[in-house]
Amino acid sequence: MEEENELIAIAVDDPRQFEILYSRYFLQIFKYIFNRVRQEHDAAALTSDVFAKALCSLNKYQFRQVPFVSWLYGIARNELLQHFRKNKKEVLVFLEEEQLRNFSEELEGDNKEVLFEQMKTALEQLSVEEIELVEMKFFQQQSHREIAVLLNISEENTRVRTFRVIKKLKETVNKMNGK
Amino acid sequence: MKIENKTKKIADNEVLKYKDFDGVLQKAALLKATSRMRFKWIGALSAVLFASTAAILYFSAPKKMEQHTNAQLLTIAKITPAAEQLTVANNSVIETASGSLLVIDENSFVDQNGKVIKGTVDLSFKEHHNPLDQIISGIPMTYDSAGVQYHFESAGMFEINAVDQNVKINPDAPLRVILNSQKNGTHYNLYSYNKEKKNWDFISKDNTPADHNRKKALKNLHDEFAAKTTSAQTECSAAQSFKTRIECTKPIVPKEEDQNKFRVSIDVDATEIPELASFQNLKFEVLPSTNFDARKANIIWDYATVKKEKEKYILSFFKGATHYEVEGFPVYSEKNYSAEKRKFDFGISAYNRRMDSITKALTEKTIVLEAAKKKTEEIIAIQVKEKPLYAIDEKIVGEAEHNVLRAFSVSKFGTYNCDCPQLLPTEQIVKACFKTKENNITLNQVYLVERNQKKMFTIYNSYFKNFPFNPKNSNLIISVDSIGQVYYFDNFSNIKTADNEYAFKMTPVNNGLRTVAEIKKYFNF
Numbered sequence: 001m002e003e004e005n006e007l008i009a010i011a012v013d014d015p016r017q018f019e020i021l022y023s024r025y026f027l028q029i030f031k032y033i034f035n036r037v038r039q040e041h042d043a044a045a046l047t048s049d050v051f052a053k054a055l056c057s058l059n060k061y062q063f064r065q066v067p068f069v070s071w072l073y074g075i076a077r078n079e080l081l082q083h084f085r086k087n088k089k090e091v092l093v094f095l096e097e098e099q100l101r102n103f104s105e106e107l108e109g110d111n112k113e114v115l116f117e118q119m120k121t122a123l124e125q126l127s128v129e130e131i132e133l134v135e136m137k138f139f140q141q142q143s144h145r146e147i148a149v150l151l152n153i154s155e156e157n158t159r160v161r162t163f164r165v166i167k168k169l170k171e172t173v174n175k176m177n178g179k
Numbered sequence: 001m002k003i004e005n006k007t008k009k010i011a012d013n014e015v016l017k018y019k020d021f022d023g024v025l026q027k028a029a030l031l032k033a034t035s036r037m038r039f040k041w042i043g044a045l046s047a048v049l050f051a052s053t054a055a056i057l058y059f060s061a062p063k064k065m066e067q068h069t070n071a072q073l074l075t076i077a078k079i080t081p082a083a084e085q086l087t088v089a090n091n092s093v094i095e096t097a098s099g100s101l102l103v104i105d106e107n108s109f110v111d112q113n114g115k116v117i118k119g120t121v122d123l124s125f126k127e128h129h130n131p132l133d134q135i136i137s138g139i140p141m142t143y144d145s146a147g148v149q150y151h152f153e154s155a156g157m158f159e160i161n162a163v164d165q166n167v168k169i170n171p172d173a174p175l176r177v178i179l180n181s182q183k184n185g186t187h188y189n190l191y192s193y194n195k196e197k198k199n200w201d202f203i204s205k206d207n208t209p210a211d212h213n214r215k216k217a218l219k220n221l222h223d224e225f226a227a228k229t230t231s232a233q234t235e236c237s238a239a240q241s242f243k244t245r246i247e248c249t250k251p252i253v254p255k256e257e258d259q260n261k262f263r264v265s266i267d268v269d270a271t272e273i274p275e276l277a278s279f280q281n282l283k284f285e286v287l288p289s290t291n292f293d294a295r296k297a298n299i300i301w302d303y304a305t306v307k308k309e310k311e312k313y314i315l316s317f318f319k320g321a322t323h324y325e326v327e328g329f330p331v332y333s334e335k336n337y338s339a340e341k342r343k344f345d346f347g348i349s350a351y352n353r354r355m356d357s358i359t360k361a362l363t364e365k366t367i368v369l370e371a372a373k374k375k376t377e378e379i380i381a382i383q384v385k386e387k388p389l390y391a392i393d394e395k396i397v398g399e400a401e402h403n404v405l406r407a408f409s410v411s412k413f414g415t416y417n418c419d420c421p422q423l424l425p426t427e428q429i430v431k432a433c434f435k436t437k438e439n440n441i442t443l444n445q446v447y448l449v450e451r452n453q454k455k456m457f458t459i460y461n462s463y464f465k466n467f468p469f470n471p472k473n474s475n476l477i478i479s480v481d482s483i484g485q486v487y488y489f490d491n492f493s494n495i496k497t498a499d500n501e502y503a504f505k506m507t508p509v510n511n512g513l514r515t516v517a518e519i520k521k522y523f524n525f
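Protein sequences, first through last, are from chains A and B. Residue 124 in our numbering sits at position 124 of the first sequence; the count goes up by one each step and never skips. Residue 189 in our numbering sits at position 189 of the second sequence; the count goes up by one each step and never skips.
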């Protein structure tokens with residue numbers, strides 16, 4: 001992280017030096033965006049926007065014991081929200097079926113196949129912020145600290161929100177099963 | 001929101017084909033330009049006007065074909081900036097006319113084949129400390145980064161070259177140029193000019209501390225060389241003492257015994273007389289001396305010793321309270337001589353090799369010591385010369401008040417700069433044209449100098465329709481037309497325009513001004 005902070009400090013003065021960080025995180029950010037927009041060209045344009053905005057705001061980046069990449073994810077997230085708003089598109093969340101099955105299995109249930117279908121329905125009933133939280137925590141395996149930075153909330157608040165979302169999902173599934 | 005099962009994966013190599021850092025730089029440049037303009041014009045102009053102005057400013061970036069380089073303009077104007085000629089020796093600290101320092105090591109210069117040049121080398125050294133210097137230098141003072149053209153706010157610039165082009169700087173022993181910067185502040189970076197790319201290469205941030213000044217820098221430099229002197233002195237003393245110790249082990253040439261002379265066999269203590277350590281069956285032949293008494297040979301002595309005093313072997317014989325000393329010399333019996341001679345030949349050859357290496361090491365350490373001593377003395381001489389400047393309450397007075405010594409490590413000849421990239425001012429923007437009293441004049445570029453800020457901007461003709469300046473600064477415009485006439489304008493006190501257009505009435509500079517000194521005097525720099 002020390003090396004990264006040094007690279008950031010140098011890039012503040014000489015933007016060309018930002019290329020090292022760009023190369024380091026391009027793939028990650030592109031894939032994160034692509035998972036939402038599913039169009040390669042849209043993902044490329046949005047990724048470029050993310051890095052351009054990061055470069056412009058580099059002097060505002062404050063090291064908060066979280067990796068620089070989390071800050072980039074935060075910018076990417078805002079860009080995606082703007083993109084969906086601007087294009088008046090419904091926010092899409094693409095989840096790997098396997099990930100979704102694994103996540104479903106973490107919840108209680110006898111019939112896994114039924115539970116998987118129910119989980120999809122339950123997830124669709126969550127708000128954008130809630131589904132994002134589930135995505136970050138359970139599918140992208142991000143830490144509470146990293147999520148806190150992305151959502152600009154406290155780490156404690158992240159824990160509370162995660163707990164509530166899981167509770168809500170369980171309740172929805174239970175209702176479907178008439179429990 | 002809709003949840004969908006992901007069915008499509010994208011491979012890394014597919015993603016990487018979208019990698020385009022230049023595109024990111026261009027977007028960032030556009031974002032920066034837009035946000036700066038938004039900041040300046042918000043509340044003053046409509047959103048439409050703002051957007052179009054920003055777009056004009058961004059898209060009317062200077063086109064290289066239209067530019068004259070500063071150097072070309074100066075050639076046209078027949079202004080020749082003079083360089084300081086320095087004859088520098090290895091291992092020295094040179095002070096330039098403007099108070100900068102060049103620290104040169106033993107091996108700082110090499111020839112084309114990489115062979116270290118001994119003796120002196122002639123250098124050409126030019127320093128540029130204010131905007132007028134920078135204009136006259138002929139060196140481009142713009143810096144293209146991320147597609148944005150920045151203008152250098154310089155804290156000092158220098159050009160260093162060898163008069164003989166075959167002389168190069170040894171990259172393993174770079175020069176240290178400690179520039180006598182006349183601007184303080186910690187926001188500067190170090191750059192070197194890349195002639196091939198026609199742009200500046202970022203070297204590093206300038207690490208000069210905020211509370212630094214010339215006096216402190218000289219003291220630090222003095223302390224650095226004084227510490228090197230002390231350490232080199234210790235090394236030399238240790239090497240010298242080692243050499244002396246080894247010298248004592250030099251095998252002596254074996255001498256065959258003379259049957260007609262008195263000889264005595266005595267065991268030698270190898271720690272006391274190491275040069276005899278490797279020899280066996282050694283005898284000492286008694287040398288004739290004033291106190292030699294042949295009758296003593298008949299005495300049966302209790303014991304005998306041999307010691308070395310001032311290159312002499314002193315044989316001591318003891319019996320009760322009687323003590324007798326004579327001088328002797330080691331010899332060998334005829335039957336042992338050839339074997340001992342072989343031992344000697346082997347021993348002396350090993351000794352010579354060892355001594356060569358010790359002497360070489362000592363010589364090297366002595367050179368380092370002498371270099372450190374010399375540099376310390378040279379720094380002291382500079383400090384002594386400048387002492388009056390610091391005399392009053394140990395505070396720096398006079399011109400040195402703001403001077404900061406900024407250090408560059410120079411591993412190749414060229415142009416170096418301590419700078420902070422700036423964007424053009426945006427406080428006031430007019431559609432500019434340039435006139436004399438009578439006529440319009442055509443200028444390819446003008447230099448906008450903010451005298452109070454010691455900043456200089458190169459404004460190309462493509463920017464004239466959005467000519468930017470800060471009316472609160474003490475501004476000066478200087479330019480040269482295509483036939484070499486120099487013009488200036490400095491009356492910025494009341495620039496008001498109804499239609500945003502302004503004709504700068506340029507004053508022609510007397511064509512008799514040709515030297516840098518004359519021009520500096522004319523513009524009061």
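Check before you lean on any hint, since a few could be wrong.
In silico contact screen, one side only, chain A against chain B (beta carbon under 7 Å); selected entries [to be verified]: (1) ASP13; (2) VAL37; (3) PRO67.
Lysine-lysine pairs mimicking BS3-like chemistry, simulated, CA-CA at most 25 Å apart [what the hints assert, rightly or not]: (4) LYS53/A - LYS205/B; (5) LYS205/B - LYS31/A; (6) LYS216/B - LYS17/B; (7) LYS86/A - LYS374/B.
Since the hints were made in silico from the structure, they are not lab data. The beta carbon of each residue, even a glycine, is placed where N, CA and C say it ideally should be.
Hint by hint, here is what the structure shows:
Look at ASP13/A: its Cβ gets to within about 5 Å of chain B, closer than 7 Å, so that hint holds up. Interface hint status for VAL37/A: violated, as the beta-carbon distance to the closest one in chain B is roughly 11 Å, over 7 Å. Here the hint on PRO67/A is broken, as its CB sits about 20 Å from the closest CB of chain B, past 7 Å. For the suggested pair LYS53/A and LYS205/B, the alpha carbons sit about 24 Å apart, so the restraint of at most 25 Å is met.
Of the pairs offered as hints, the one joining LYS205/B and LYS31/A is violated, with about 34 Å between alpha carbons and a cut-off of 25 Å exceeded. The hinted pair formed by LYS216/B and LYS17/B fails the criterion: a straight-line CA distance of about 53 Å is larger than 25 Å. For the hint pairing LYS86/A with LYS374/B, the CA-to-CA distance comes to about 72 Å; that exceeds 25 Å, so the pair is violated.
The structure fails to meet hints 2, 3, 5, 6 and 7 from the earlier list, while all remaining hints are met.
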